[in-house]
Structures are given as C-alpha cells and as structure tokens.
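What follows is the residue order along each chain.
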Amino acid sequence: MKSKAPIALFSFVVTYLIFLYAPIILLPLFAFNDSSIISFPLSGFTSKWFVGLWYEETMHRALKNSLIIAVVSSVISTIFGILTARALARHQYIGKKPIFGLIMAPLFLPEIIIGVSLLIVMIQIGLTLNIWTVIIGHVLIITPFSVSILAAAFNNMDRSLEEASLDLGETRFGTFRRVILPLVTPGIISSLLIGFTISLDEFVIAFFLTGIEPTLPVYIWAQLRFPSKLPGIMALGFILLVLSLVLLALFEFFRRRSEALTSGKPSSEHQ
Amino acid sequence: MTASRKLLLKIKNSLPGWRLIGGPFLFGFLLLLTPLFLMVALSLWTQNYLDLDRTITLNNYREIWSHPVYTFLIKRSVLISLSVTLITVLLAFPMAYFISFYGGKRKALWLFLITIPFWTSYLLRIFLWKIILGYNGVVNSGLQSLNLIEEPLSFILYNANAVVIALAHAWAPFAILPIFVALERVDRTMLEAAKDLGDNAIRRFIRVTLPLSMPGIISAALIVFIPTIGDYVTPRLVGGTDGLMVANMIQVQFAKANNAPLGAALAITSLMIVVIIALAFLFFNRRYLRRQV
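Keeping their order, the protein sequence lines are chains G and U.
Residues in the first sequence are numbered from 163 upward in steps of one, following this note's numbering.
Residues in the second sequence are numbered from 1101 upward in steps of one, following this note's numbering.
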C-alpha cells in the first residue's frame, strides 16, 4: 500500500475538517467578543460574559438540576450495565435474547418517542413532572451505552482468575469484590463518564419531562430566544466544551487502563 | 425425562441469570415497554376538549392520512432525514477511508480530531449554524467581502437545506466511526491479491473494499437515519416554517393543540415508518452481500 494519500482525497479531508470545525470555532470568538450582538466584524476582547454567568441565578439552579440528574442517572445506568453485562457473559437463562433486546431498544428509538411515551404515563397516572421523571428517561437512553462498554470489559476478563479465587477459598461475593470489581473498575469509570456527558447534554427528553425546574439544556433553549442573552450563552458553551474535553481525556485514559487490565497484560503503572 | 421436568430444570438453571438481569429488565418493562403500549392505546382514543373518550377507534390515524398537513410533514421528515443520511455517509466514507488506509500510526489522533467539535452542547452546535448561514452570517459576509455576490443569499437559512446541513454536521462522527471500524477489518492481503491478479484501483475498490465495508456503511446509515427523523431542535432553530418536521408537530399536539391522542398517533406513525425503512436498509444489505458471494 502507498503511504501517501492522493491529493484529491487529502484536500477533501481538509475541507471536511473545516466544515466539522466551522461552528465550534465561532464559540470562543463570540464568547470573548466585546459586543452584545453576535455578528462579524469582531469588536474587541472581553471576559465580561464569563463574569456575567457568575450572577445568573436561574442558570445556577439549572446547572444544579442537571448535575444531580447526570450523577444519579449515570450511577443507576452503570449498575444496570454491570448486572446486564455480567448476566450476558456468565449465565444462560430463558429469554436471554428478548430481554437483551428490550434493554438495548432505546438505542434504536428516536428520543422524542421515549420522551412522549413517558409523558403520557405521567399524565395518565397524574404524577407531577420533576427531576425524577427526567432521570427515568436518561437511565433508559444511557443504559445501552453502559452495557456496551461493560460487556466488553466483562467479556475480555480472564475467567481463570475468578476460578482461582474461588478455589483458594474466597466466597462468591468476596471474589466479586476483590477480583472482578478491580478488573472492571476502569470500565465502570468510563461508563459513568459517558453517561454523565450524555445526560448533561440531553435536551428533548428533559424538555418533555422537566416540570418547573429546568435542566441546563432546557435553560439554554429558553435563552436562545433573547438576543441579549446570547453572548453569555456562548461563554457557557465554551466552558462546557472545555469541561467535556477534560472528561473525554479522562475517559480515554480509563478505557486504555481497562483494555490493559482485562486483557491480562500488565499496564505500565502496574508493573 | 418428561417435558415438564425439563422445563423445571431449565427454569432452575435460569435463576442465577434472572437474579442479575431482573432489575434492568423490570425497569425496561415498566418504563419503556408499558409506556409504549400506553402510547398505542392513547392513539386509539379521542380527545373531547377536556376529557378523554376511551372508545377504540382508528380516527386519529384516518385524520393523519387524510390531512395534507400531516402527510406533508411526514413526507418531508422522511425526505430530509434520508437526504441527511445519504450526504453524511457519502462525506463520512472518504474521511474514514483516509484514516484507515493513510492514518498510519496517528489513527487515534485523527479520530480524536474528528470528535472534538462534538463535545459541546447539541443545542449550541445547531444554533451556531444559524450564525454561519444567516442573512448577515459568516457565509454571506464572507462571499460579499470577496465580491462574489451582491445581495446576501437567503436560500440557505430557515428552510429544509439548512436543516440538512446542520444535521449532516451534527451526525458526522456517528457515521465516520462505524465505517472506520469496518474498513479496519478489511483484510489488506485481499487487496494485494486482487492487485496481483490484475484488478486496477477502481475495480479493487468496487469488488473488495466496498463489499467488505458494507456492514459499517449500513450501520452508519441506521445510526444517522433513526434519530434524525425524530429531531426536534434542528427544524425549530434553523428550519423556519419550510423546514419543520414531524417531531415539531408531535410537540404541538401535546402542548398548544391539547390533542395528546393525535400526538400519540403521529408518534406511532413515525415509529412505524422508522422501523419499515430500517428493515429495508437491512434487507438491501443482505441482498447486496449475497450477490457479492
């Protein structure tokens, strides 16, 4: 194989990358732009939009709601992910395929369908919408991702380690806690991180299921109607981007550890 | 052993697995499957101002298929999301091909480079397209300052084109990644064999690379198609009135129009269309692969 790409392919790749980066490059430009109107030409550097965020009480409440929802849903989804991945890897049972299909189904449903169907249930039962209804929706959509991540971790795990622990007199629970859990911990952490990020950014389900307490995306949605709020929203978007990239870097770090641990090869930190 | 003893044994062997999967299963059963069934039931009922008439009727579906407003919106949603799928996959393939065949040791870095733009709020990413495509936006002021156009172009924002552009952008990495994974699995020695046997570059691509990467292309198409048909945000932000899609109408029925049964019927109809088109994708994939063998 040739190692250099044809000129045509390479120029396509560069153009496509410009297309992919086009919106995101505007984010820091307008977040630091000293004008309340979002348009070119830029008028000067300021950090006042970031300072302004500090005094946005509604935004702080929305952020708090989003953080609670993101933490709770990612923890529940990860527990579901562990249970499902373990059952898939080690057990045979009646209904294995249909149950797996049901758990993974939200991956193949438009989000609006999940939002609407849960909304119908809440209205019919007469429950008021609150943070918990959003959490239910988020757990449904995050669990398939947790299952995929954790199934990989559980499937790659060396079975003989588990058997050795049992042979040496550990109880089943002890084996789980002292052998299995440490081996899949990186998988658990990446599942938590990916669930957290999905939940924090999810809009449609939250839009349908949040009551009077908005989540951060629902708050952003409401602000987009007011031109004067836009520079602040750009600043907020920029902060979210930086935070996500930090989380992503962490995710990648733990994924590599997970691969190294479960494939039996010692990683450099463990030698 | 009798049949019933066999069954008992099977159930007994299932217990450890069930104990683990029971929680996630119950959650999905109660909060996904039951609500979906309730949605089907609701779509068969009728809203009479404030009360719900619980006699079963297909009237909501009849209304959807007889009113041009609804059929038109559904057709437009399918058309928009099929165009998005086609464009996204066509653009994603060369990118994935480049990373897989010419990425060398930097493949992971290239993949990272592609995902960076997608780690900020979905809402803001779509909103930023408004700034790029708008009347005084980046594209128009750029073209004007280059003296390529005199009047700002107005056909790029607040219509279906803008929705297609914004969605083709938003779902790009979800198409690139599965195609990349499929291309990585293409056995490079097969390509060399084809070369040795006299196939030129184009024939090698059509007869070896493309068929072997078809599963990745199909999953990319499904991953893009399924969520985009139900997208609510993009049509609202950049679609104007000419770019609204079925999800917007569903939301209107549940909120302003106060006709939840009709909204449910619209949701079920869209879901059915998604399922039929997804099955068609899979069917053609199978036919295509069989013909190749």
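Simulated from the structure, these hints should not be mistaken for laboratory data.
Note that beta-carbon positions come from the ideal geometry of N, C-alpha and C, so glycine has one too.
A couple of the hints might just be wrong.
Said to hold, decoys possible - The calculated DSSO-like cross-link candidates involving lysine-lysine, where the alpha carbons are at most 30 Å apart (straight line), are:
#1 G:K166 / U:K1295
#2 G:K391 / G:K258
#3 G:K226 / U:K1207
#4 G:K259 / U:K1295
#5 U:K1205 / G:K210
#6 G:K258 / U:K1112
#7 G:K226 / G:K391
#8 U:K1295 / U:K1205
#9 U:K1207 / G:K166
#10 U:K1205 / G:K166
#11 U:K1230 / U:K1175
#12 G:K258 / U:K1175
As the list claims (entries may be wrong) - Selected chain G positions facing chain U (in silico; Cβ < 10 Å):
#13 P203
#14 I241
#15 H253
#16 I265
#17 R339
#18 R340
#19 I342
#20 L362
#21 W383
Here's how the hints hold up against the structure:
1. G:K166 / U:K1295: Holds. G:K166 to U:K1295 sits at ~18 Å (cutoff 30 Å).
2. G:K391 / G:K258: Since the Cα atoms of G:K391 and G:K258 sit roughly 51 Å apart, the hinted pair is violated (cutoff 30 Å).
3. G:K226 / U:K1207: Violated - the C-alpha atoms of U:K1207 and G:K226 are around 38 Å apart, more than 30 Å.
4. G:K259 / U:K1295: Since the Cα atoms of G:K259 and U:K1295 sit roughly 43 Å apart, the hinted pair is violated (cutoff 30 Å).
5. U:K1205 / G:K210: violated, 43 Å
6. G:K258 / U:K1112: holds, 14 Å
7. G:K226 / G:K391: Measuring from Cα to Cα gives roughly 20 Å; hence the hint holds.
8. U:K1295 / U:K1205: holds, 24 Å
9. U:K1207 / G:K166: Status holds; Cα separation ~14 Å.
10. U:K1205 / G:K166: holds, 13 Å
11. U:K1230 / U:K1175: holds, 24 Å
12. G:K258 / U:K1175: Distance ~37 Å between G:K258 and U:K1175 Cα, so the pair is violated.
13. P203: holds, 8 Å
14. I241: holds, 8 Å
15. H253: holds, 3 Å
16. I265: OK, holds: G:I265 within 10 Å of chain U, min 5 Å.
17. R339: violated, 16 Å
18. R340: violated, 19 Å
19. I342: With a closest approach of 13 Å, the G:I342 hint is violated.
20. L362: Hint on G:L362: holds, closest Cβ of chain U at ~9 Å, below 10 Å.
21. W383: holds, 6 Å
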